[in-house]
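Asks: Sequence:
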Amino acid sequence: MNQKQKWLIPATESIGFNLSAGQTVRVIDVEGQQVADFIAYVKEDIQERLDPGVTLDVLRSFKMKEGDYIYSNRYRPLLKVVKDTVGQHDFINPACRSEMYELLYQKSNHKNCYDNLNRALNNFQIQSPKQYYPLNLFMNTKISSSGKISIERPLSKAGDFTELRAEVDLIVAISACPCAESACNGYHCTSIQVEIT
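FYI, full-length UniProt numbering numbers position 108 of the sequence shown as 108, with every residue one higher than the one before it.
Derived by calculation from the structure, the hints in this document are not laboratory data. This one's a predicted model, so the numbers in the text were calculated from it and none came from an experiment. Glycine is no exception: its CB is placed at the ideal position from the N, C-alpha and C atoms. Please note that a few of the clues may not be correct.
Mimicking EDC-like on lysine to aspartate or glutamate, the simulated pairs with C-alpha atoms at most 16 Å apart in a straight line are [said to hold, decoys possible]: (1) 4 / 181; (2) 6 / 195; (3) 111 / 99.
Quick list of the computed label-pair ranges, beta carbon to beta carbon [to be verified]: (4) 105 / 3: 40 to 50 Å; (5) 146 / 59: 20 to 30 Å; (6) 150 / 53: 32 to 42 Å; (7) 31 / 146: 17 to 27 Å; (8) 94 / 46: 15 to 25 Å; (9) 188 / 102: 31 to 41 Å; (10) 3 / 187: 36 to 46 Å.
With the sequences and hints as input, model every part of the structure.
Replies: What follows is the structure in structure tokens.
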């Protein structure tokens with residue numbers, strides 16, 4: 001398929017779509033410093049899904065680079081990193097959810113990536129898991145030598161992107177993270193553009 005498909009995910013919203021083997025998805029940070037929670041399921045068997053922990057185990061690195069693969073919970077390559085203009089993403093943080101905002105920011109009924117991803121997958125007959133563990137594109141997580149974890153402003157600037165090629169047929173969902181309470185999105189939520197070729 002040579003024709004390009006394009007969507008703009010408004011700030012704090014999400015999208016779900018099919019990505020066929022051989023297709024490439026480009027996730028673009030439109031204005032800069034905006035995290036995109038990225039999850040994927042194998043279309044033929046949704047028990048197999050993108051797994052950041054397995055990917056860390058295989059890569060032996062907290063950073064992915066061009067040419068690396070993103071792996072499933074069954075240690076199978078699902079996506080190949082074709083191009084990445086940022087080089088700083090997150091493999092360890094779960095999707096934000098309403099309970100997190102209540103605990104950390106004393107805010108009730110806050111928009112969150114967990115609900116966003118559930119909505120994005122509504123049409124794909126995927127049952128909501130107890131939690132999502134996404135590849136958090138553009139998220140800038142730092143781990144100090146003492147083991148302290150901090151989330152800093154993303155390094156991504158307007159127009160920066162990550163391009164991933166599907167190795168198998170996938171169902172993908174992406175949430176433009178709704179957290180404006182911390183440096184996670186530079187204290188300001190903006191949109192994410194998605195292009196498939």
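Asks: Give a verdict on every hint.
Replies: Evaluation of the provided hints:
no.	hint	in the structure
1	4 / 181	35 Å, violated
2	6 / 195	4 Å, holds
3	111 / 99	11 Å, holds
4	105 / 3: 40 to 50 Å	43 Å, holds
5	146 / 59: 20 to 30 Å	24 Å, holds
6	150 / 53: 32 to 42 Å	20 Å, violated
7	31 / 146: 17 to 27 Å	34 Å, violated
8	94 / 46: 15 to 25 Å	19 Å, holds
9	188 / 102: 31 to 41 Å	22 Å, violated
10	3 / 187: 36 to 46 Å	38 Å, holds
Hint violations for this structure: numbers 1, 6, 7, 9, all remaining hints satisfied.
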